[in-house]
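Protein sequences, first through last, are from chains A and B.
Just so you know, we're using UniProt numbering here: the first sequence kicks off at 1 and counts up by one.
Just so you know, we're using UniProt numbering here: the second sequence kicks off at 1 and counts up by one.
Heads up, some of the hints might be wrong.
Given that identical chains are not distinguished, each listed pair holds provided it fits within a single copy or across any two copies.
Claimed, not checked - Within a straight-line C-alpha distance of at most 25 angstroms, the following computed PhoX-like cross-link-like pairs (lysine-lysine) qualify:
1) K356 / K80
2) K235 / K348
3) K234 / K351
4) K75 / K356
5) K56 / K521
Hint data in this document are derived by calculation from the structure and do not stem from the laboratory.
Number of protein chains: 2
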Amino acid sequence: MEVTRKNFKDCLNTVYSAIEEADFLAIDGEFSGISDGPNASALTNGLDTPEERYTKLKKHSMDFLLFQFGLCTFKYNQAKSKYITKTFNFYIFPKPFSRTSPDIKFICQSSSIDFLASQGFDFNKVFCHGIPYLNQDEEVQLREQTEERRNQHANGVGTPSYISPSSSKGPAHVPEEHKDFISRVVEKVEALFANSEKTLDLEPCTGFQRKLIYQTLNWKFPKGLHVETIETEKKERYIQINKVDEEERKRREQQKLEKEQEELNDAVGFSRVVHAISKSGKLVVGHNMLLDVMHSIHQFYCPLPEDLQDFKEVTMCVFPRLLDTKLMASTQPFKELITYTSLAELEKQLKESPFKPPQVETAEGFPSYDTAQEQLHEAGYDAYITGLCFISMANYLGTFLTPPKAYISARFQTNRAFFQQVSDLLLFLMRIIDIPYLNLTGPDLQPKRDHVLYVTFPKEWKTSDLYQLFSAFGNIQVSWIDDTSAFVSLSQTDQVQIAMNTSRYAESYRIQTYAEYIQNKQQEKEKLGQTAKTWGEDSWVKPHYTSTASSFGYPRGLRKRSISPAQGEPGSEDALITDGWSHYSFPDSTGSKKMKTDDLSGQSSVEAVESKTSEGWLKTTDSSDSAGLSPVPDDEEEEEENPEGPDPGNDADGTVTWQQASVVQGRKGRKKKKKSEAPESTKSLFEVPEVW
Amino acid sequence: MEVTRKNFKDCLNTVYSAIEEADFLAIDGEFSGISDGPNASALTNGLDTPEERYTKLKKHSMDFLLFQFGLCTFKYNQAKSKYITKTFNFYIFPKPFSRTSPDIKFICQSSSIDFLASQGFDFNKVFCHGIPYLNQDEEVQLREQTEERRNQHANGVGTPSYISPSSSKGPAHVPEEHKDFISRVVEKVEALFANSEKTLDLEPCTGFQRKLIYQTLNWKFPKGLHVETIETEKKERYIQINKVDEEERKRREQQKLEKEQEELNDAVGFSRVVHAISKSGKLVVGHNMLLDVMHSIHQFYCPLPEDLQDFKEVTMCVFPRLLDTKLMASTQPFKELITYTSLAELEKQLKESPFKPPQVETAEGFPSYDTAQEQLHEAGYDAYITGLCFISMANYLGTFLTPPKAYISARFQTNRAFFQQVSDLLLFLMRIIDIPYLNLTGPDLQPKRDHVLYVTFPKEWKTSDLYQLFSAFGNIQVSWIDDTSAFVSLSQTDQVQIAMNTSRYAESYRIQTYAEYIQNKQQEKEKLGQTAKTWGEDSWVKPHYTSTASSFGYPRGLRKRSISPAQGEPGSEDALITDGWSHYSFPDSTGSKKMKTDDLSGQSSVEAVESKTSEGWLKTTDSSDSAGLSPVPDDEEEEEENPEGPDPGNDADGTVTWQQASVVQGRKGRKKKKKSEAPESTKSLFEVPEVW
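Work out the full structure: start from the sequences and follow the hints.
As C-alpha cells, this is what we get:
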C-alpha cells in the first residue's frame, strides 16, 4: 500500500493494527544518498574498528534523507498454514510544519538518485506528497509552544497569535503610498457592518499591507471582528474578515486551537509509525540494516550519539529485537548453501532446495507483489522479500529441531525468546574483513590484527607498488585508507618482524605494526580532544541537531530496556549477571579499548578472532586498481547499497567468512539461562551454526 | 519548450540558432535551496559589505543545485513590430557520466522544495531526465582521459579498457564455487565457434563472475572474439560475446571510441548552452539575478573564486553584458512608478499606464505562455516575463528620447552600447540597506556608516530591548547579526558620540562605532589567515572542487574581456582610462578597503552614499520580532526567493531607496567617452534617472 501525505491519516489505524497483530515485521529504507565522503573507500576500510565504522557512517551518511520507508507485517495464519502479509510503502519528506519550524536540509548524492531513477522511483511522491515527521525534541518543543500559547490566551495574558502586539497601542503609521489602499479596506469593512454578509475576503496583498490592515482594523474596530490570514494552495496569503459576536469569536478561537492540536499531530507524522513499531517490541527484520536503523533513529527519535556504546543502548531502546538477514545468510549453516547474500540473489536462492519458498498470502485490500517481477529498491517490496528470506531461513532452521518442524512460525508467538536467542541484536557490518557484525548487546569482536601492517607512502603509489614491495612475503591483502596510506595484511604473522626490519632504512615509505598505528591514533585523538571545541564554527549547524548534541540522553518516553525484553520482567535484570555476556568491561571513559575476558565458567569465552578469510589469499595482483578503490572482499551487494559497484576488473570474491568458535561458547553460556524457556530440542540447533 | 535529457540533443541546434538570432536573452534559475545557514538572517544582514554578502552566498548557497534553467530569447521583428520569443525550460541534473566520474552531492532545503512542489514543479523531470553537465575542468579532464586511452590503444601500448591488464598473464584463478559456472561459459563459447551464430549474450552475473569470464576467455581464445559488458536499462550487466575477424574487431573498437567521443559531448551536456550564451556576448537580462549568475558560473564554468574582485572579473568573462530588472525597477525613473519589485508584481504593474504591455509573439513551434495564468517559478516562464518587464521599461525610457520612440528595440541591434550604458553590469543586492547593487565593472559603493553602532548584548535580548536602550535617540533601525550582536542605525549621526558616552559604564552590553567594528574584524581576519590552513580537514571535500580551489584563474577558453565588449576594439582599453570609473584603486592585497577618489575632473566623483531610506525611520517597535529575524526593508520579494517570507507582523516597507547624485556624476564622466556613439538625444535620459 502506497502511503503519502494525502492518505496517511486515513491509513494510520490500518498500520497500527497490522503492527499489533503481526508475528514479526520487516523494514527497509531508501535514501537520498549513501556517503558524502570523497569516495566509497572512506566509508569502508576493511580493517575499520566498529567504532570507526560507526563514526564514519554517522559523519558521512546521516545528512542524507531516508525518504522511503518500507514496512511489511507478517502474521501466521494457522488455518491456512500461511503468513498473511501487509506491505506499506511510505514516502517521507520533512515538509516544514510552519514558517518558524526547522527548515531541514539534506544532501542528495547524484549516483544514488540516478540509480533510484533508473528503478522507476517516483520523486514527486516524495517531494510533493511525502509524509512529514519530527524527532522527539522537535515534537516536545512544538507541543510546549502550542501549550504556552493556549495558556496565555486562556489567561488573557498576551494576545492571540493573529493580532500583532503593537497593534492596539494606537493608530497604525500608514506610509503615504498605502493610505489609499488602507482606506479602501476600511470602507469595505464599514460596508460589511452595514450589510447582511458575514464574511469579507480581501484581495491577496503583501505582508506589510497585511500588517497595516491588522493594525488599522484592531484600532478602528476593537470588537465584533475576527481577522485572519488565509493561505491559498498557491501560497498566496489574503485576509479574511468575519463579523462575529463575542461568543462566536471565542468559539472560533477555540476551533483554531483545536485545529492547531490536530496539525501538530500531523506534523509528528511518520514518526508515529516508527513509535508504534518500537512500542510493539516485536522482532524487526532487515537486510544489511545498520544504515536503516541509524537513519530511523536519527530522523524519528534523536540525533545519533557520539559514542558507539551509546548508540547501541539507544538502538536497544528503540528496536529491542532486530535481526539482520544478510548476517544470517552469511553465517552457518546458510553460509555454505548461499553464494550471494545481496537481497535479490538471496531471495532467489531461498526458493530452491534445500530451502522451500515460504507460503504467504497478501491480506485483503493490499496490493500483492509478484516476486518474479522484481520491484527491487522499492522499500515496501524490499521489506516484503526480506521477510520472505527470513521465513525461509527460519523454516530451514526448524528442520533441525526434533521433531523437525517445517513451519517454525508458531514459535514466534509462543516463545519470542527463540529467535532472540538465535541471531538478533547483531547487525551486519558490510565489508569489514574480520568483524562481521555489530553486537548490540555486548562488546564487539576484537580480532587479532598481528599480521596487519600500516604503510605510508607517496601518493603516486598504486596497489601494484604495494604488491611489489611485499612480494617476498607471499600473498598480501591491501586495504586502502587514503591516497598515502593503507593496511597490508600478510598471510603469516611471523613475517611481520621481517617486514619491519627490511623497511628500517626505507625513505619513500614507512611501515608500522597495527598495534603501533592504533596507539598513535589514540594519542592523536587525545590531543585533538583538547582543541576540538574551537572547531565548531565551520560546521553545518542544523537547528534540529543542537538541542541534544552536547549531552546524550535516552530518547524521550523510552526507558532503558533489558537485553531481552521478552523476558525483561522486573528483577530479571539481576539474573542476567550470571550470563556469560555480562562480564566484559565496556571501554572505559579514557577511551582504552582493551577487553577483559573474565568468564566465571573458567573458559576464555571470547578470544580475539583469527582474522583470515577461509577463501585464502588472493592470487591476482591487479595493477589496474585505482588508488582510491579498496579491494575488500565483497560480492555484488555493493550494487544494492551503492550503484557505484565494484569494477569488473576488481579482484576479490564474495562472501565474508570468519571463525568464531569461541563466541559460540559465549552464546552457550547465555543459553543456560534460557533453558527453562527454550525447549531442550533447540540444542541441536546450536550445534549446527557457528554463531548461534 | 521543455528540454530534458531525452530531447536535449535534438533541441541543441534550435537553442543555438535562437541565441544567435536574438536581440537579447532573459534567464532564470530554480534551485534546490537558497541558504544552508542556520537562518535567513545569516545571509542577509542589512549592513553587509558587498564582500561579506558575496562570501556568505558563496559559502551558504553554492551547495544547492541549479536544477531548472529558463532561457527566453527575444528577437525584434520589424515587419510585425513585435518581439518574437523562444522559451526553453531546461531540467538539469548531474547524472554521473561513468562510474569513475565525480559523484556530485548537493543539498536540498525542505522549504524550497516544498515551495516548488506547491507550484507544481515536476521533480521526476529533474531527477529522472535532467540534462547532465560538466564544468570546464571536468570536461578537460574527461577529454584528456579519453584521448590518452585512444592513444594507448592506437600504439598498442596498454590494453583496451574492457580487458583487464592482469588477464593475459595466464589462466585465471577460478575459485572452486565458480568453476562450474566458468566451464559452462567456455562450453557455450566453444559452441559459438562451431555454429553459425555471430553473437552470444550471457546471463547477467556479478562483477566478479564477469572478471573471471574476461580472464578465462582472453586466455583461452586470444583471437577471434570481441567481449563486451552491456548494461541493461535496469542497470543489470551482462556479457556479450561476438565472433569477429581481426578487421571486424578493429572496426568495432573504432566504433566504440567514436561512441565514447559522442558520450563525452553528451556529458558536457547543458554546459554547452551556457557556453553558447556566453560566446554570443549578448545582453542577458535577469530578475534579482546575482544567485543565478553565481550558480551558472559555479556549475558550468568553474568553482567560484574566493575574492569578490575575482568573481567580478570571471562574471565579466562569462556574461559580458548583464542587466538586472529588479535593480532597474528599483531605480529612477521607475522607482517612483513601481511599488513592488517582485517579478510577479512588476510584470502586472508594467502592463498598466504609464507603461505599455510589450508586443510579443511566440515563435512557431514553441508553446506560448499566458501571463494571465501565472506559471511563476517555472524558470522558463520567469525568464519570459523578465524579458517582458525589460522591454516595457526599455520602451518607457525610449519616450524620453527626442523624438520619442515607442519601441526602442532597434537600438539593441544598431547600438548595443546604449543599454550597456544604461544599466547593465550592476547586479541587485537584495536587502542591503545602503548598497543596492554589485558593480561588476568598478569598486562598489562605500556608503558612510557613521550613524551605525555595533552593539553586543546577552542572548536573551530582543529587538524591543534595543529599542528601549536607544529610546532617547529617536528612531533607530536594528539589523541583527547573531543572537548576541546587532547593528543599530541612529537617525542622527551627531548622536553617536552621546550614545557611546552613555554606554561607557554599561556591563550587560557594549557599543562600538561601525569604524571600530570594521577595524576589529579586519584584525581578526588577518589573525585567522595565519591559522586557517589547519581547518581544511573537516570541510566537505568534493572532487570537482579541488582542482581549481587553490589558485584562481579565468575559466578556460575565455579571455579577460574589456568592460564594454561592444566597444572593446583593440586599443580602446586605453581610452577607458579617461573614464571617471577607472580611477578607483581596487582593494590592495593586504585587504585594506580604503577607496581613493582621484578624479581628474577635480570633482569628488564618488562620495560615500548617505545611508537613510527616504521612507524615514520606522515608527513601530514590534516586540513580536523574533531575535533571528532581521528587520531590513524588503517587500514580498522574499517570497520569490525564499518561501519563508517576512512575518506579517514584521515591520519595514518595500522598495529600497538610496541617494547617489555623486555616482551619477561618475556616470556622466563616462558618458563623455561614448558621445560619439550614443546620440546626443540620450542626454535627456541621463537627467531623469539617478543612477544612469
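Each hint, compared with the structure:
1. Proximity of K356 to K80 under the C-alpha cut-off of 25 angstroms is restricted to the intra-copy arrangement: shortest distance 17 angstroms within a copy versus 77 angstroms between copies.
2. Taking CA atoms no more than 25 angstroms apart as the test, K235 paired with K348 passes between copies only; the shortest distance there is 18 angstroms, against 49 angstroms inside one copy.
3. With identical chains, the CA atoms of K234 and K351 are at most 25 angstroms apart between copies only, with a shortest distance of 23 angstroms across copies and 51 angstroms within one.
4. For the homomeric pair K75 and K356, the shortest alpha-carbon distance inside one copy (18 angstroms) is at most 25 angstroms, but the shortest distance between copies (71 angstroms) is not.
5. Taking the shortest alpha-carbon separations for K56 and K521, only the intra-copy value of 15 angstroms comes in at or below 25 angstroms, while the best inter-copy value is 35 angstroms.
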